[in-house]
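S.K.: For reference, the chains in residue letters:
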Amino acid sequence: MIEAIFSSGFFQRAILAGSFLALACGLLGVFLVLRKDAMISHGLSHVAFAGVALGLVLNFLPVVISLIICVIGSLFILKLKEQAKLHGDTAIGILSSSGMALGILLASLKRNFGVELITYLFGDILAITPAEVWLSIGLALLVVVSIIIHYHQLVFMTFDRESALVSGVKVRKLDKLLIILTSITVVLGIRIVGLLLVSALTVIPAASALQLSRNFKSTLILSSLFSLLSILSGIFLAYVFNLPASATIVFLSVFIFLVSLGLRRAG
Amino acid sequence: MNQKQEEIVRVEEVSFFYEDFPAVKDVNLSIYRGDFLAIIGPNGSGKTTLLKIIVGLLKPQKGRVYLFGQALEEFSDWHKVGYIQQKATHFDPIFPISVEEVIACSLRSSQKVGRRAKDQSKEKIEKILKLVGLEKEIKKPITKLSGGQQQRVLIARALATEPEILLLDEPTTGVDYMTQESFYDLLGQLNQEHQLTIVLVTHDYGIVNKHVNKVACLNQKLIYHGEHSEFCQSAVVQELLSGGHHLVSHRH
Ligand SMILES: Nc1ncnc2c1ncn2[C@@H]1O[C@H](COP(=O)(O)OP(=O)(O)O)[C@@H](O)[C@H]1O
Ligand SMILES: [Mg+2]
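Residue numbers (numbering that gives the first Met the number 0), protein chains in the order written: chain A, 0 to 266; chain B, 0 to 251.
Derived by calculation from the structure, the hints in this document are not laboratory data.
Think of the CB as a built atom: it goes at the ideal place given N, C-alpha and C, for glycine as much as any other residue.
Among these hints, one or two may not hold up.
[Stated by the list, open to error] Cut-off 30 Å, straight-line C-alpha distance, at most; resulting in silico cross-link-like pairs (DSS-like, lysine-lysine):
id, chain 1, residue 1, chain 2, residue 2
1, A, 216, B, 220
2, B, 126, A, 35
3, A, 84, A, 175
4, B, 121, A, 172
[As the list claims (entries may be wrong)] Selected chain B positions facing chain A (in silico; Cβ < 7 Å):
id, residue
5, 54
6, 74
7, 77
8, 82
9, 84
10, 93
11, 95
12, 97
13, 100
14, 105
15, 107
16, 108
17, 140
18, 144
Construct the complete structure from the given sequences, taking the supplied hints into account.
M.R.: Here you go:
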């Protein structure tokens, strides 16, 4: 039976797209959590909802449209954070509810796409098309490579923003880069676990890694491993036991978090 | 005069307002190579603001700043400037970063990636940690060190880029007296042996005065600026002291 699973095209595509996504989420999540930006992926997933609804109404590539809307929304959050008298979480709150409201409004224009919409809300990894697999791999690689190229600057500004500024690190440019990468990752994650649970992928593995590591590099490695572990075993278990993949993945990552917490307490 | 008189920082008629609250008013200040300048003044007198203006974090509404003879807006050799902000050791207690990584991320932010840069920076980090007496803590998480040790890590990080001027904003608040003293001895040594120009904002003039050669007294305006030796007898100080201002030897 195992053999049959692994030779299934659906399953192979799910595993391939899932692995790359896991890596992007695991790495990016560490920066987001330490910047106290953990909720940004949650907010952006709601912004992406407007894009998904628009894509479904126009009947044109919901993934691409939500990617565009999400990137625009994320830059808007950044602008609000910098220029309005607001904390970041408030800016996220404003944008995410606007996105959700717009999505609901758009969705009401066209009846009967309840089923399609639901695959975006809850994710449907086995419905991933080959084209989406390639898109996922390409964009996830973009995320990973960007983080590697700017690794030291990103660590510096996350740890000590003011000193990084004085040292000539292009902090504002990198803020933009991070939030755009997050938008990309969120939109990819929506296909796999759905927009209601996508923020779990960027938050929980990083939070687990933080329980156990003493330096930055090991945090990144652990976070990526935890992320891979929960996504891959989640897809597998969901396939075998016919469970919803999104919920299975999230439960596994929460389980890993609890184990990490226990290990930290014990150690 | 001689080479010692090279002007490293020049602050010209600078005023700074938060919204419309004036924090710094019409300040003129020159800092020369090899100076060890103490900036003193009561709480809220604009010391932090002035330092932030010098390192380019705040833009003054009025006046100009020059670093190494270049207008601040055109200056780009930021590795020559080390800055340790007020409360610099108030790190996020969950941030996972080792002493080595704290220094590496600063050192290598301006470098290309690659094996050679990595090896060179490792060597350099070890050397600098030895200078500040922390070579044994290289792998430790910075949040697990004492306040005094954390200060030294930040000095090491600032020194790693081989700065020519180091600006520190009340670096020893919350550190015990003995640790403060050895910290200032280290600064004195860097100033004397390595000709590092040092600008130190402090509340506690008493403990640093043996290392300092210049003093600036700030209270929105620059009240006094000159040689340390003349400072103690200056009429300004006498007047301020009798006026009840706690300019000197104030401790938290
Ligand atoms: N971000 C800010 N917004 C408004 N006022 C500020 C801000 N930072 C400092 N101030 C005010 O400017 C004055 C100078 O502050 P500061 O430079 O921090 O003084 P010092 O470092 O000498 O204690 C103080 O009265 C302070 O309340
Ligand atoms: Mg201050």
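S.K.: For every hint, state whether the structure bears it out.
M.R.: Verification of the supplied hints:
With a CA separation close to 47 Å, the supplied pair residue 216 of chain A and residue 220 of chain B exceeds the 30 Å bound. The suggested pairing of residue 126 of chain B with residue 35 of chain A is violated, with an alpha-carbon distance near 34 Å, which exceeds 30 Å. Of the pairs offered as hints, the one joining residue 84 of chain A and residue 175 of chain A holds, with about 19 Å between alpha carbons and a cut-off of 30 Å not exceeded. Proposed proximity of residue 121 of chain B and residue 172 of chain A is supported: the alpha carbons are some 28 Å apart, at most 30 Å.
Interface restraint check for residue 54 of chain B: the shortest CB-CB distance to chain A comes to about 5 Å, inside 7 Å, so the restraint holds. Against a cut-off of 7 Å between C-beta atoms, the interface hint on residue 74 of chain B is violated, since the closest Cβ of chain A lies about 10 Å away. The interface hint given for residue 77 of chain B holds, since its Cβ lies 4 Å from the closest Cβ of chain A, which is under the 7 Å cut-off. With 7 Å as the threshold, the beta carbon of residue 82 of chain B comes within range of chain A, its nearest partner Cβ sitting at about 5 Å, so the hint holds.
Contact between residue 84 of chain B and chain A, as hinted, is supported at the beta carbon level, the nearest pair being about 5 Å apart and thus within 7 Å. Residue-level restraint check for residue 93 of chain B holds (minimum Cβ-Cβ distance to chain A is 6 Å; threshold 7 Å). Look at residue 95 of chain B: its Cβ gets to within about 5 Å of chain A, closer than 7 Å, so that hint holds up. A least Cβ separation of about 4 Å between residue 97 of chain B and chain A falls short of the 7 Å threshold, and the interface hint therefore holds.
Annotation: interface hint on residue 100 of chain B holds; nearest CB of chain A at approximately 5 Å, less than 7 Å. Restraint check, residue 105 of chain B versus chain A: the minimum CB separation of about 6 Å is within 7 Å; hint holds. About 4 Å separates the beta-carbon of residue 107 of chain B from the nearest beta-carbon of chain A, less than 7 Å, and the hint is met. Taking 7 Å as the C-beta contact cut-off toward chain A, the hint placing residue 108 of chain B at the interface holds, the least distance being around 5 Å.
Given hint, residue 140 of chain B at the interface with chain A, holds; its Cβ is 5 Å from that chain's nearest Cβ, closer than 7 Å. A distance limit of 7 Å between C-beta atoms decides the matter here; for residue 144 of chain B the minimum to chain A is near 12 Å, and the interface restraint is violated.
Hints 1, 2, 6 and 18 from the earlier list are contradicted by this structure; the remaining hints agree with it.
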